[in-house]
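Q: Per the numbering used here, the sequence shown runs over residues 144 to 283.
Treat each hint with caution, since some may be false.
[What the hints assert, rightly or not] Across the chosen pairs, the derived CB separations fall in these ranges:
#, residue 1, residue 2, range
1, 202, 248, 13 to 23 Å
2, 229, 264, 15 to 25 Å
3, 254, 190, 20 to 30 Å
4, 279, 198, 33 to 43 Å
5, 230, 182, 19 to 29 Å
6, 168, 196, 10 to 20 Å
7, 165, 255, 29 to 39 Å
8, 256, 174, 28 to 38 Å
Source of the hints: derived by calculation from the structure; they are not laboratory data. From the three backbone atoms N, C-alpha and C, an ideal C-beta is built for every residue, glycine too.
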Amino acid sequence: MHFHGGNAHAFQFASFVLLSVIVRVIKVDPRDRTRSVAEIFSGHVETLPAIGSEHSKDLRLSEVFFKDGARNRWHVHSTDQILLVTEGEGIVAGEREQHDLTPGVVVLVPANTKHWHGAKPGKDMAHWSILGPGETRIVD
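Given only the sequences and the hints, what does the whole structure look like? Please build it.
A: Structural data, given as structure tokens:
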């Protein structure tokens with residue numbers, strides 16, 4: 144392939160940028176969960192942030208553990224949310240539907256959808272939450 148003038152230099156620079164991508168590996172431990180007192184939660188809830196704004200401009204990842212029927216209040220996110228259930232039994236509900244959550248279930252909540260999620264009464268439940276950067280508003 145033949146390049147003329149500044150194009151060859153631009154191609155070389157682009158190749159260098161692609162070859163210098165850095166992969167981040169972050170280790171999380173469920174023993175590092177901390178009790179959350181955030182207004183969005185009702186009951187005993189623990190969180191474990193993994194990927195925050197200091198790691199990524201596009202994604203947020205955290206584990207949320209709901210103890211003994213704890214849940215969050217009705218809320219909306221300005222971005223899509225993905226929930227990946229890892230333990231226990233829970234519920235995710237929208238205004239017109241409700242679904243049971245068990246380990247291995249993946250939920251996609253579209254942006255601006257009023258919903259709540261948490262453990263079933265008398266049960267515990269944990270999920271990973273993946274969000275884009277944006278706003279979460281309580282709407283109950």
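Q: Please go over all the hints and tell whether each is borne out by the structure.
A: Structure-based check of each hint:
Between residue 202 and residue 248 the Cβ separation comes to about 20 Å, which falls inside the hinted range of 13 to 23 Å. Taking 15 to 25 Å as the suggested C-beta distance range, the pair residue 229 and residue 264 conforms, at roughly 20 Å. Distance hint for residue 254 and residue 190: a CB-CB separation of about 21 Å, consistent with the stated range 20 to 30 Å. Taken as a hint, the range 33 to 43 Å is violated for the pair residue 279 and residue 198, whose Cβ atoms sit roughly 19 Å apart.
Judged by the Cβ atoms, the range 19 to 29 Å given for residue 230 and residue 182 holds: they are separated by roughly 25 Å. Roughly 18 Å separates the CB atoms of residue 168 and residue 196, a value that falls within the hinted 10 to 20 Å. At about 34 Å, the beta-carbon gap between residue 165 and residue 255 stays in the expected band of 29 to 39 Å. Between residue 256 and residue 174 the beta carbon distance is about 33 Å. The supplied range of 28 to 38 Å therefore holds.
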